[in-house]
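Chains A and B supply the protein sequences, listed in that same order.
Numbering that gives the first Met the number 0 puts the first sequence at residues 0 to 244.
Numbering that gives the first Met the number 0 puts the second sequence at residues 0 to 804.
Bear in mind the hints are in silico, worked out from the structure with no lab data behind them.
Take the hints with a grain of salt, since some may be wrong.
Listed next, the in silico BS3-like pairs over lysine-lysine satisfying Cα-Cα at most 27 Å (straight line) [as the list claims (entries may be wrong)]:
hint	chain 1	residue 1	chain 2	residue 2
1	B	K747	B	K726
2	A	K157	B	K29
3	A	K181	B	K33
4	A	K184	B	K29
5	B	K744	A	K34
6	A	K210	B	K29
7	A	K189	B	K33
8	B	K29	A	K189
9	A	K184	B	K33
10	B	K33	A	K178
11	B	K175	A	K184
12	A	K34	B	K747
13	B	K744	A	K210
14	A	K157	B	K33
Label pairs and their computed distance ranges (CB to CB) [what the hints assert, rightly or not]:
hint	chain 1	residue 1	chain 2	residue 2	range
15	A	G37	B	W342	34 to 42 Å
16	B	E714	A	K181	35 to 43 Å
17	B	A125	A	K181	58 to 66 Å
18	B	Y420	A	E133	36 to 44 Å
19	B	Q470	A	K181	57 to 65 Å
20	B	Q388	A	R146	52 to 60 Å
21	A	E24	B	A255	54 to 62 Å
22	A	D2	B	F395	53 to 61 Å
23	A	E24	B	K381	43 to 51 Å
24	B	L567	A	K181	28 to 36 Å
25	B	K608	A	E24	55 to 63 Å
26	A	N126	B	G720	28 to 36 Å
Every residue gets a Cβ at the ideal spot worked out from N, C-alpha and C, and that includes glycine.
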Amino acid sequence: MADKTFFIDTTRCTACRGCQIACKEWNQNPATETKNWGSHQNPEDLSFVTYKLVRFSEVVSDGELRWYFFPDQCRHCIEPPCKDAAEALGYKKAITKDAATGAVLFNQKVKVKPEDFEEIKESCPFNIPRYDPERMVMAKCTMCFDRISNGLLPACVKTCPTGAMNFGDRSQMLALAEKRLKELKGEYPKAQLLNAEDVRTIYLVIDDSEKYYEFANAHGLLGITRLVAMKKLIRPLVRLSGLKG
Amino acid sequence: MTNHWIDIGNSDCILIMGSNAAENHPISFKWVTKAMEQGATLISVDPRFTRTSSKADIYAPIRSGADIAFLGGMIKYILDNNLYFREYVAEYTNAAFILSTKYGFNDGLFSGYNRKTRSYDKKYWAFEKDANGAPKKDRSLQHPRCVFQQLKRHYSRYALDKVSAITGTPQSSLKKIYRTYAATGKKGKAGTIMYAMGWTQHTVGVQNIRSMAMIQLLLGNMGVAGGGVNALRGESNVQGSTDHCLLWHILPGYMATPSNKWLVLDDYLKRRPKSNDPLSANWWQNEPKYMVSFLKSMFGDAARPTNEFGYQWLPKVDVGVDYSWLTIFDEMYKGKFTGFFAWGQNPACSGANANKTREAMAKLKWLVNVNMFDNETASFWKGPGMDPQKVQTEVFFLPCAVSAEKEGSITNSGRWMQWRYAAAKPLGKSKPDGDMIVELFEKIQELYRKEGGVLPEPIVNLKWDYTTRGQFDAHKVAKEINGYFLKDVTVKGKTYKKGTLVPSFAFLQADGSTSSANWLYCNSYTEKGNMAARRGLKDASGIGLYLEWSWCWPVNRRIIYNRASVDLKGQPWDKKHPVISWTGDKWVGDVPDGGWPPLANTDGTPNPKSKYPFIMKPEGHAHVFGPGRPDGPFPEHYEPLECPVERNLMSSQFINPTVKQFETELDKRFTCDPRYPFVGTTYRVTEHWQTGVATRWQPWLLEAEPQQFCEMSEELARLRGIKNGDKVIVESGRGKVVAVAMVTKRFKPLKVMGQTVHEVGLPWCFGWVHPKDGGDSSNLLTPSVGDPNTKIPETKAFMVNVRKE
Numbered sequence: 000m001a002d003k004t005f006f007i008d009t010t011r012c013t014a015c016r017g018c019q020i021a022c023k024e025w026n027q028n029p030a031t032e033t034k035n036w037g038s039h040q041n042p043e044d045l046s047f048v049t050y051k052l053v054r055f056s057e058v059v060s061d062g063e064l065r066w067y068f069f070p071d072q073c074r075h076c077i078e079p080p081c082k083d084a085a086e087a088l089g090y091k092k093a094i095t096k097d098a099a100t101g102a103v104l105f106n107q108k109v110k111v112k113p114e115d116f117e118e119i120k121e122s123c124p125f126n127i128p129r130y131d132p133e134r135m136v137m138a139k140c141t142m143c144f145d146r147i148s149n150g151l152l153p154a155c156v157k158t159c160p161t162g163a164m165n166f167g168d169r170s171q172m173l174a175l176a177e178k179r180l181k182e183l184k185g186e187y188p189k190a191q192l193l194n195a196e197d198v199r200t201i202y203l204v205i206d207d208s209e210k211y212y213e214f215a216n217a218h219g220l221l222g223i224t225r226l227v228a229m230k231k232l233i234r235p236l237v238r239l240s241g242l243k244g
Numbered sequence: 000m001t002n003h004w005i006d007i008g009n010s011d012c013i014l015i016m017g018s019n020a021a022e023n024h025p026i027s028f029k030w031v032t033k034a035m036e037q038g039a040t041l042i043s044v045d046p047r048f049t050r051t052s053s054k055a056d057i058y059a060p061i062r063s064g065a066d067i068a069f070l071g072g073m074i075k076y077i078l079d080n081n082l083y084f085r086e087y088v089a090e091y092t093n094a095a096f097i098l099s100t101k102y103g104f105n106d107g108l109f110s111g112y113n114r115k116t117r118s119y120d121k122k123y124w125a126f127e128k129d130a131n132g133a134p135k136k137d138r139s140l141q142h143p144r145c146v147f148q149q150l151k152r153h154y155s156r157y158a159l160d161k162v163s164a165i166t167g168t169p170q171s172s173l174k175k176i177y178r179t180y181a182a183t184g185k186k187g188k189a190g191t192i193m194y195a196m197g198w199t200q201h202t203v204g205v206q207n208i209r210s211m212a213m214i215q216l217l218l219g220n221m222g223v224a225g226g227g228v229n230a231l232r233g234e235s236n237v238q239g240s241t242d243h244c245l246l247w248h249i250l251p252g253y254m255a256t257p258s259n260k261w262l263v264l265d266d267y268l269k270r271r272p273k274s275n276d277p278l279s280a281n282w283w284q285n286e287p288k289y290m291v292s293f294l295k296s297m298f299g300d301a302a303r304p305t306n307e308f309g310y311q312w313l314p315k316v317d318v319g320v321d322y323s324w325l326t327i328f329d330e331m332y333k334g335k336f337t338g339f340f341a342w343g344q345n346p347a348c349s350g351a352n353a354n355k356t357r358e359a360m361a362k363l364k365w366l367v368n369v370n371m372f373d374n375e376t377a378s379f380w381k382g383p384g385m386d387p388q389k390v391q392t393e394v395f396f397l398p399c400a401v402s403a404e405k406e407g408s409i410t411n412s413g414r415w416m417q418w419r420y421a422a423a424k425p426l427g428k429s430k431p432d433g434d435m436i437v438e439l440f441e442k443i444q445e446l447y448r449k450e451g452g453v454l455p456e457p458i459v460n461l462k463w464d465y466t467t468r469g470q471f472d473a474h475k476v477a478k479e480i481n482g483y484f485l486k487d488v489t490v491k492g493k494t495y496k497k498g499t500l501v502p503s504f505a506f507l508q509a510d511g512s513t514s515s516a517n518w519l520y521c522n523s524y525t526e527k528g529n530m531a532a533r534r535g536l537k538d539a540s541g542i543g544l545y546l547e548w549s550w551c552w553p554v555n556r557r558i559i560y561n562r563a564s565v566d567l568k569g570q571p572w573d574k575k576h577p578v579i580s581w582t583g584d585k586w587v588g589d590v591p592d593g594g595w596p597p598l599a600n601t602d603g604t605p606n607p608k609s610k611y612p613f614i615m616k617p618e619g620h621a622h623v624f625g626p627g628r629p630d631g632p633f634p635e636h637y638e639p640l641e642c643p644v645e646r647n648l649m650s651s652q653f654i655n656p657t658v659k660q661f662e663t664e665l666d667k668r669f670t671c672d673p674r675y676p677f678v679g680t681t682y683r684v685t686e687h688w689q690t691g692v693a694t695r696w697q698p699w700l701l702e703a704e705p706q707q708f709c710e711m712s713e714e715l716a717r718l719r720g721i722k723n724g725d726k727v728i729v730e731s732g733r734g735k736v737v738a739v740a741m742v743t744k745r746f747k748p749l750k751v752m753g754q755t756v757h758e759v760g761l762p763w764c765f766g767w768v769h770p771k772d773g774g775d776s777s778n779l780l781t782p783s784v785g786d787p788n789t790k791i792p793e794t795k796a797f798m799v800n801v802r803k804e
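Using the sequences and the accompanying hints, generate a full structural model.
The structure is reproduced here in structure tokens:
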């Protein structure tokens with residue numbers, strides 16, 4: 000099995016929430032009680048039981064009304080900062096990366112202290128990891144590891160009617176992403192792929208990423224690559240945890 | 000649909016109007032996306048910027064209820080700029096037909112109007128006839144009384160500034176959309192329309208559709224790939240329900256319900272007008288075969304030539320009386336009904352003027368609700384405002400199986416009948432509808448046999464062999480729908496054995512030797528097997544016809560009126576996407592709309608063996624002029640019954656002159672009433688289904704869309720001091736609901752006839768039963784007034800007020 004990647008073409012997303020619901024159903028995650036808080040985006044945010052969330056954003060861009068949809072999920076980073084952070088905090092098996100597919104997996108057999116979870120969460124530039132304080136375990140998108148290990152597509156990809164959600168071997172997905180980017184660049188000069196080199200969930204957007212969602216894009220620190228910055232941030236953590244003993 | 004879902008992918012220009020397809024027909028967007036990938040332009044016209052609009056190349060706002068003005072302006076644009084497909088219009092439509100001197104139109108009314116009865120005498124709209132009784136024609140379209148010239152005259156009144164004033168759509172947007180869509184009039188280009196309830200649920204609903212059908216004819220978009228007039232049905236099997244006549248006015252296959260106008264079968268069989276033109280297919284002259292075969296399916300051996308095949312046992316309606324939904328509840332409200340089966344529905348939330356419906360049900364002696372979950376109809380007696388002590392209605396709730404627990408077929412918007420299988424057994428004591436009907440009928444029939452009754456014959460003589468080991472058998476019903484040879488029958492030299500399935504409606508007989516419960520579906524279950532269950536993936540057509548995947552009516556013809564997709568010599572207008580093509584001795588491609596050769600030989604001389612392409616019309620020509628509609632032969636803009644303006648800018652006729660209004664105290668009309676200053680409309684969301692009976696009980700769906708909401712513009716919110724997320728009260732002259740305000744840029748106030756008009760919208764998927772804080776039905780607001788043709792309620796345009804709770 001070659002290493003896997005999602006390509007998410009937000010121009011094709013119609014916010015039908017099929018992916019959001021399919022994810023719930025496959026993982027048998029319970030629904031939460033929600034209120035209409037003035038947006039169709041519900042639940043409001045990712046949670047311990049919501050791994051996939053379609054985010055809605057109404058903006059005016061170039062004088063035109065746009066309604067951008069961002070079907071948010073874990074990026075399955077190639078060098079996941081959450082895994083580095085967990086290991087630096089002494090949790091060797093809490094977060095693993097599958098060698099074959101690249102799937103970044105939270106192991107729910109490993110309990111994580113709440114304050115350590117906060118560090119792990121902060122290490123994620125996309126604000127993905129979530130936590131159950133009672134069971135003391137973490138949760139997020141699993142890349143439908145059980146499905147893909149059996150030759151099936153992730154549930155969200157299988158259900159998507161328009162081709163917004165795509166999944167396959169990394170080389171194929173990168174080629175598809177580049178092709179779509181090229182097709183859109185003419186009409187949308189701001190079209191871009193988000194963090195394509197660093198993640199396995201590559202989003203294609205046609206505007207500034209902040210117009211979609213605050214954490215759509217990992218913002219590099221000026222002059223330093225994100226990875227190095229992450230490592231720099233983690234070293235003090237390692238020292239601190241050493242003090243805690 | 001005249002075309003089908005996959006065919007949308009072939010279009011060059013897709014107009015989505017009166018529909019929010021991305022949201023409510025999400026899978027259809029696969030095909031819209033495909034078309035756009037190939038360069039198609041997507042236009043979205045909607046009072047609100049929707050999920051569909053967010054994907055469109057062009058979006059324009061429109062005031063709810065102003066669609067005829069919008070489309071009338073497009074017709075004018077097409078004619079003024081000569082963008083119509085001349086050969087198509089002259090040869091295939093009735094644009095060339097000459098009207099009698101009796102036809103006229105003045106100040107909003109067509110000739111033949113009777114003010115007292117509020118109806119038209121359609122004889123005033125007849126064509127001038129030649130010696131053979133066929134309409135006189137001028138194929139050069141010049142004669143002053145020809146339809147084409149009258150069309151020009153009629154729509155010359157829909158000037159851009161007037162249209163903009165009525166619709167609230169900016170002139171620049173109108174021009175852009177007209178120019179873009181009219182470009183599909185070019186040979187080889189096709190435009191399609193995807194519409195739904197946003198067009199049908201108005202007192203001018205049918206005329207809305209007529210407007211678009213006329214545009215499609217003017218542009219040569221009927222019968223071609225990527226074209227057509229495509230209704231996105233509001234329910235996955237409503238196409239099936241209308242095909243099999245679950246509406247009062249039709250028998251299966253769209254034959255008319257017998258009335259007191261045709262007291263004997265012979266009168267019924269002879270009612271269709273016949274054309275003397277040899278080029279007319281006169282298709283409906285075949286109807287006796289269909290009707291007699293239907294009667295044989297109904298009454299089996301009891302239906303004989305000597306007793307009019309049981310025609311006297313069919314219920315008959317009185318001419319001029321309406322038996323449709325709104326009238327049913329009006330009569331029920333007046334206490335005229337004893338009992339009511341609300342089968343697989345939730346009228347307490349689904350019907351307009353829900354308070355009237357709920358109070359009407361309290362007047363019944365008994366009510367049976369067949370449904371999957373508890374709902375506002377089954378529990379109406381303990382709903383808001385009801386005192387269970389005072390309600391005398393005995394209510395029975397019969398839990399039914401869901402579609403995944405039953406075997407049978409569903410007919411989709413594209414007329415494709417697709418067979419489905421049971422994936423699970425029904426839970427607990429819930430039963431499939433078929434089994435319930437079998438049990439009920441067998442008991443009723445037993446009682447009639449034992450005790451007699453007022454008219455036992457229809458019940459005791461009904462043929463009833465649809466069970467296997469006591470269980471409802473969908474295959475037996477499907478086969479009956481197709482039909483059987485009841486004795487050995489010889490057709491064109493070949494003998495078909497008694498008891499075998501009829502290959503297609505071409506083999507049905509009027510002498511009682513065949514049966515068929517629905518002639519349109521004859522060909523769906525034959526000696527070759529269950530055609531609806533086929534899953535062949537081959538597509539030789541290249542345009543996505545998939546002739547071996549399931550089965551569609553009629554006779555698996557995927558694009559109907561396809562004889563109009565070719566020129567007079569049978570060569571496709573669009574060489575890149577041919578639907579059918581004449582090889583010299585036969586048609587290839589889709590199932591042709593009749594096997595007759597093209598209208599002209601290769602040398603251009605007329606071929607007398609041919610037929611005109613629009614075979615279901617007696618004259619074989621498509622209706623640009625529609626002489627059969629009760630509210631007029633050309634669509635004309637009238638205001639909705641409740642509207643925000645004081646007059647109709649087009650004429651002195653404020654509302655549809657043939658619309659009927661009910662007279663109870665719950666049926667008052669509030670136009671230009673300062674208490675209800677905003678236009679209200681209703682729509683759906685992807686996450687909920689119809690009134691939400693099934694989906695509100697699904698936690699994952701409810702999580703995504705938990706509560707009744709009202710979308711409004713930022714400007715209106717400012718006016719009323721409302722913030723996003725505030726609870727508001729939305730009220731009309733009929734009722735009120737509490738909703739969460741969703742303040743959005745996607746609604747904008749419109750400039751209509753010089754004034755600022757605000758519009759708000761609510762989904763109609765919520766009800767008080769569940770969840771407790773979910774809110775109640777938007778149909779508490781809507782008016783029980785309907786289109787004069789279909790009687791569908793005007794739930795898309797009415798007047799409301801909005802204020803903070």
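For each hint, the structure was consulted:
no.: 1; hint: K747/B with K726/B; verdict: holds, 20 Å
no.: 2; hint: K157/A with K29/B; verdict: holds, 13 Å
no.: 3; hint: K181/A with K33/B; verdict: holds, 17 Å
no.: 4; hint: K184/A with K29/B; verdict: holds, 22 Å
no.: 5; hint: K744/B with K34/A; verdict: holds, 21 Å
no.: 6; hint: K210/A with K29/B; verdict: holds, 25 Å
no.: 7; hint: K189/A with K33/B; verdict: holds, 23 Å
no.: 8; hint: K29/B with K189/A; verdict: holds, 25 Å
no.: 9; hint: K184/A with K33/B; verdict: holds, 19 Å
no.: 10; hint: K33/B with K178/A; verdict: holds, 16 Å
no.: 11; hint: K175/B with K184/A; verdict: holds, 24 Å
no.: 12; hint: K34/A with K747/B; verdict: holds, 25 Å
no.: 13; hint: K744/B with K210/A; verdict: holds, 15 Å
no.: 14; hint: K157/A with K33/B; verdict: holds, 18 Å
no.: 15; hint: G37/A with W342/B: 34 to 42 Å; verdict: holds, 38 Å
no.: 16; hint: E714/B with K181/A: 35 to 43 Å; verdict: holds, 40 Å
no.: 17; hint: A125/B with K181/A: 58 to 66 Å; verdict: holds, 60 Å
no.: 18; hint: Y420/B with E133/A: 36 to 44 Å; verdict: holds, 43 Å
no.: 19; hint: Q470/B with K181/A: 57 to 65 Å; verdict: holds, 58 Å
no.: 20; hint: Q388/B with R146/A: 52 to 60 Å; verdict: holds, 55 Å
no.: 21; hint: E24/A with A255/B: 54 to 62 Å; verdict: violated, 46 Å
no.: 22; hint: D2/A with F395/B: 53 to 61 Å; verdict: holds, 60 Å
no.: 23; hint: E24/A with K381/B: 43 to 51 Å; verdict: violated, 33 Å
no.: 24; hint: L567/B with K181/A: 28 to 36 Å; verdict: violated, 44 Å
no.: 25; hint: K608/B with E24/A: 55 to 63 Å; verdict: holds, 58 Å
no.: 26; hint: N126/A with G720/B: 28 to 36 Å; verdict: holds, 34 Å
Hint compliance for this structure: hints 21, 23, 24 are broken, all remaining hints hold.
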